[in-house]
Amino acid sequence: MLDFIYMNAWGAFAITLFMFIPFFIVFLFMVRKRTVTKPTPSTVEQGGYAQAEWMWLGLVSVVFVGVNIASIGYMPTVATANAVASGQEITDVSVTAQSWSYDISDSKIEVGHPIRFSGKSTDTMHGFAIYHPDGHVLFTMMLMPGLANPTSLIHTFTEPGTYTVRCLEYCGLSHHEMRDEIVVVARNG
Amino acid sequence: MLTATKILQNVPIFNRMFPVDQSDGLEEVNSWPALMIVTSFVWLFVAGLLGVAMPIIQVMGLDTEWFYRALTAHAAALSFPFAFQLMVGISLHRAGGCLGKSVSGWLPALNYICMNLGAALLAVAILVGGLSVSLVLMFPLPVVGVATGQWSMSALILGFTGIGLVLFTMIIWYPVNILKISFFGDSREELVLSARTINDPGMLGMVLASLVLLITGTPLLIVATYVLVALYGLIPLAAIAWATEPVVFQFAFFVFAHNLMEAMALMVISGIYATLPLYLSDGTRKLYSNTLANLALWILLLTSFSSFLHHFITLLPNLPASLAYHANIMSWATGIGSALSIFTILATIWKHGVRMNPGLLACLMGFTLYILDGASAVVTSNVAWSFHLHGTMWQSGHTMTVLVAMSFMWLGVIYHHYPVMTGRVLDDKLGYWFVGLVSVGSIGAALVMLAGGAAGMPRRFADWAQGDWMIYGDFIQLFGAMIGIGMLALAINLMKSRQIDQASGHPASAPEPAE
Numbered sequence: 001m002l003d004f005i006y007m008n009a010w011g012a013f014a015i016t017l018f019m020f021i022p023f024f025i026v027f028l029f030m031v032r033k034r035t036v037t038k039p040t041p042s043t044v045e046q047g048g049y050a051q052a053e054w055m056w057l058g059l060v061s062v063v064f065v066g067v068n069i070a071s072i073g074y075m076p077t078v079a080t081a082n083a084v085a086s087g088q089e090i091t092d093v094s095v096t097a098q099s100w101s102y103d104i105s106d107s108k109i110e111v112g113h114p115i116r117f118s119g120k121s122t123d124t125m126h127g128f129a130i131y132h133p134d135g136h137v138l139f140t141m142m143l144m145p146g147l148a149n150p151t152s153l154i155h156t157f158t159e160p161g162t163y164t165v166r167c168l169e170y171c172g173l174s175h176h177e178m179r180d181e182i183v184v185v186a187r188n189g
Numbered sequence: 001m002l003t004a005t006k007i008l009q010n011v012p013i014f015n016r017m018f019p020v021d022q023s024d025g026l027e028e029v030n031s032w033p034a035l036m037i038v039t040s041f042v043w044l045f046v047a048g049l050l051g052v053a054m055p056i057i058q059v060m061g062l063d064t065e066w067f068y069r070a071l072t073a074h075a076a077a078l079s080f081p082f083a084f085q086l087m088v089g090i091s092l093h094r095a096g097g098c099l100g101k102s103v104s105g106w107l108p109a110l111n112y113i114c115m116n117l118g119a120a121l122l123a124v125a126i127l128v129g130g131l132s133v134s135l136v137l138m139f140p141l142p143v144v145g146v147a148t149g150q151w152s153m154s155a156l157i158l159g160f161t162g163i164g165l166v167l168f169t170m171i172i173w174y175p176v177n178i179l180k181i182s183f184f185g186d187s188r189e190e191l192v193l194s195a196r197t198i199n200d201p202g203m204l205g206m207v208l209a210s211l212v213l214l215i216t217g218t219p220l221l222i223v224a225t226y227v228l229v230a231l232y233g234l235i236p237l238a239a240i241a242w243a244t245e246p247v248v249f250q251f252a253f254f255v256f257a258h259n260l261m262e263a264m265a266l267m268v269i270s271g272i273y274a275t276l277p278l279y280l281s282d283g284t285r286k287l288y289s290n291t292l293a294n295l296a297l298w299i300l301l302l303t304s305f306s307s308f309l310h311h312f313i314t315l316l317p318n319l320p321a322s323l324a325y326h327a328n329i330m331s332w333a334t335g336i337g338s339a340l341s342i343f344t345i346l347a348t349i350w351k352h353g354v355r356m357n358p359g360l361l362a363c364l365m366g367f368t369l370y371i372l373d374g375a376s377a378v379v380t381s382n383v384a385w386s387f388h389l390h391g392t393m394w395q396s397g398h399t400m401t402v403l404v405a406m407s408f409m410w411l412g413v414i415y416h417h418y419p420v421m422t423g424r425v426l427d428d429k430l431g432y433w434f435v436g437l438v439s440v441g442s443i444g445a446a447l448v449m450l451a452g453g454a455a456g457m458p459r460r461f462a463d464w465a466q467g468d469w470m471i472y473g474d475f476i477q478l479f480g481a482m483i484g485i486g487m488l489a490l491a492i493n494l495m496k497s498r499q500i501d502q503a504s505g506h507p508a509s510a511p512e513p514a515e
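Heads up: the sequence lines are chains F and A, in that order. Quick note: the first sequence uses my numbering, first residue 1, plus one each step. Quick note: the second sequence uses my numbering, first residue 1, plus one each step.
Be a bit skeptical, because a hint or two may be false.
[Claimed, not checked] Here's a subset of chain A near chain F, in silico, CB distances under 7 Å, partners left out:
no. : residue
1   : Gln22
2   : Ser23
3   : Asp24
4   : Leu62
5   : Trp385
6   : His390
7   : Gly456
[What the hints assert, rightly or not] Each computed DSSO-like pair below joins lysine-lysine, with the alpha-carbon atoms no more than 30 Å apart:
no. : chain 1 : residue 1 : chain 2 : residue 2
8   : F       : Lys33     : A       : Lys6
9   : A       : Lys286    : A       : Lys351
10  : F       : Lys33     : A       : Lys286
[Unchecked claim] Some chain A residues close to chain F (C-beta under 10 Å, calculated; not the full set):
no. : residue
11  : Met1
12  : Leu107
13  : Phe387
In case anyone wonders, no lab produced these hints; they're calculated from the structure. The structure presented is a predicted model; accordingly, all values stated were derived computationally and were not measured. Ideal Cβ placement from N, Cα and C applies to all residues, glycine included.
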């Protein structure tokens with residue numbers, strides 16, 4: 001389940017609904033319940049509010065901390081750092097983006113092999129996003145021109161297939177036409 | 001008669017919505033705010049037409065250049081001359097009426113002129129000149145676009161002039177106006193509608209927001225001014241290489257752009273804190289806890305400043321991972337401030353009961369929309385999810401939702417201010433239609449945009465059919481139309497408003513006694 005939540009944007013959508021829907025239901029219920037047509041003196045007990053306050057803050061804190069701690073293993077920053085620290089062989093693929101195309105040093109990649117994508121832009125802001133064949137975004141990178149170091153992260157593909165590359169940083173009138181492909185093949189073939 | 005009143009009386013069609021009541025001696029508090037509010041509605045109408053145009057352009061297969069022009073102009077019109085100006089109008093009215101200070105003179109006039117002239121110049125640069133740079137300028141795209149023949153240097157200079165005027169309004173004129181009213185000059189009893197101090201949660205947010213705009217906007221104003229002066233040819237472009245470095249411009253831009261949204265959130269939460277107590281059924285007119293309410297504002301202020309770094313999470317390692325984690329943590333910490341606001345508002349309602357009316361309901365539904373936006377915002381600020389969501393329609397959904405949420409809450413506050421400003425009352429039935437349609441439309445549009453982003457639909461993208469995303473576009477159009485019809489209901493309500501002394505048989509519409 002954690003894989004679904006953090007490796008797939010639909011997991012993000014599910015968590016957003018998880019946080020919003022209960023709030024929405026409770027909010028509407030409480031507002032409706034306490035909407036009155038005539039002014040009346042308050043008959044609500046004073047006590048209990050402080051306890052509710054702490055319980056609410058406790059719940060929010062647990063959810064916030066829990067959701068974020070569980071995500072650590074799925075952060076590309078962490079995966080990148082772990083891959084570098086592990087000493088395993090990493091294949092470098094350089095990407096140069098210009099309006100409106102990519103120059104990718106190697107578009108054929110093996111499954112199970114860590115790949116360091118390093119991207120630069122020669123003119124304006126571009127993005128380098130890799131889409132899984134089923135249409136969801138595997139990861140995206142922001143490419144800013146003029147930087148000494150490229151944007152980079154390490155990713156290991158787990159499934160063979162043809163992956164679409166798209167630009168997700170608006171870069172001008174042909175922004176929607178800026179795309180390429182990466183072919184991921186099984187090991188040893 | 002103030003200049004603003006004269007202008008207001010000559011705005012065709014829209015002048016019927018906010019006729020300033022000159023007989024109550026409050027023209028100095030009502031006039032400029034009313035003009036700003038009415039003008040913001042004109043821009044909302046323009047933005048709405050552009051919003052409808054975008055899916056039509058895609059469906060009809062028209063030149064994609066028009067999509068990008070409509071996209072840029074729609075977002076710019078909604079963000080600045082509509083949402084920001086609406087906030088300016090209402091907040092100046094609140095500040096003046098609560099502190100007994102005049103809202104007239106050169107400062108509100110400059111506020112008004114710079115915002116609207118700037119927006120008009122930008123609109124011309126976009127729609128006529130083709131300066132399609134999106135809402136966030138995407139620097140260095142403006143200059144790269146000239147080099148690649150996408151638009152002309154004239155369009156660029158015109159557009160940047162417009163942007164410059166708008167920035168001066170948001171960063172200097174408006175905050176200075178609020179701070180001047182809050183801290184300088186003597187209070188005049190005849191202008192006091194409801195006496196408040198800046199310790200009141202309903203006022204504190206305004207002061208905090210103004211300081212945020214001034215402080216976080218100054219670096220951008222310096223950079224933008226240098227760029228503009230160089231574009232005019234007054235100094236060589238080579239002399240401002242430090243300002244035109246993309247990384248300099250981008251970071252200066254986003255430290256302001258992000259905190260602009262947070263400042264507007266501070267303002268609107270403050271507005272709810274001020275308005276909700278006035279409709280409590282037991283007449284106590286008090287929030288559950290002023291301390292908790294103010295604490296929420298301070299937490300929001302302190303955590304939001306550095307959370308702007310979440311805009312650069314995918315720039316790894318040029319944004320070091322440590323700063324990405326910091327941005328993740330601070331972004332979620334703003335949610336603690338929101339959690340305190342949620343508790344304050346619900347505890348107030350539960351403890352005291354409320355007398356419902358369309359204005360209060362608009363505030364509360366706007367608040368729920370704000371919470372939906374908050375959930376989507378903290379999710380995309382998580383480092384793991386950011387790499388899946390950045391640049392998709394999720395971000396557009398988030399931006400649209402927060403602007404609609406804040407505007408919705410402000411429009412609810414207007415219901416409360418309207419009788420005081422105009423001497424007229426609004427119809428409740430039309431009011432509830434407005435709230436219902438905008439609520440359903442905006443929550444629907446938000447969820448569809450977020451779902452589109454989850455499905456990989458890119459933002460600012462003229463070809464939704466490319467990835468089978470057209471279905472999301474169709475639903476965005478549908479829910480957007482609902483929002484538009486809801487706004488139409490509001491416009492009709494404002495047009496049909498009746499004089500207070502003629503509003504018989506509708507006690508719910510009668511204005512509150514002097515606050």
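Going down the list of hints, with the structure as the test:
no., hint, result
1, Gln22, "33 Å, violated"
2, Ser23, "30 Å, violated"
3, Asp24, "26 Å, violated"
4, Leu62, "13 Å, violated"
5, Trp385, "4 Å, holds"
6, His390, "5 Å, holds"
7, Gly456, "5 Å, holds"
8, Lys33/F to Lys6/A, "46 Å, violated"
9, Lys286/A to Lys351/A, "10 Å, holds"
10, Lys33/F to Lys286/A, "19 Å, holds"
11, Met1, "39 Å, violated"
12, Leu107, "36 Å, violated"
13, Phe387, "4 Å, holds"
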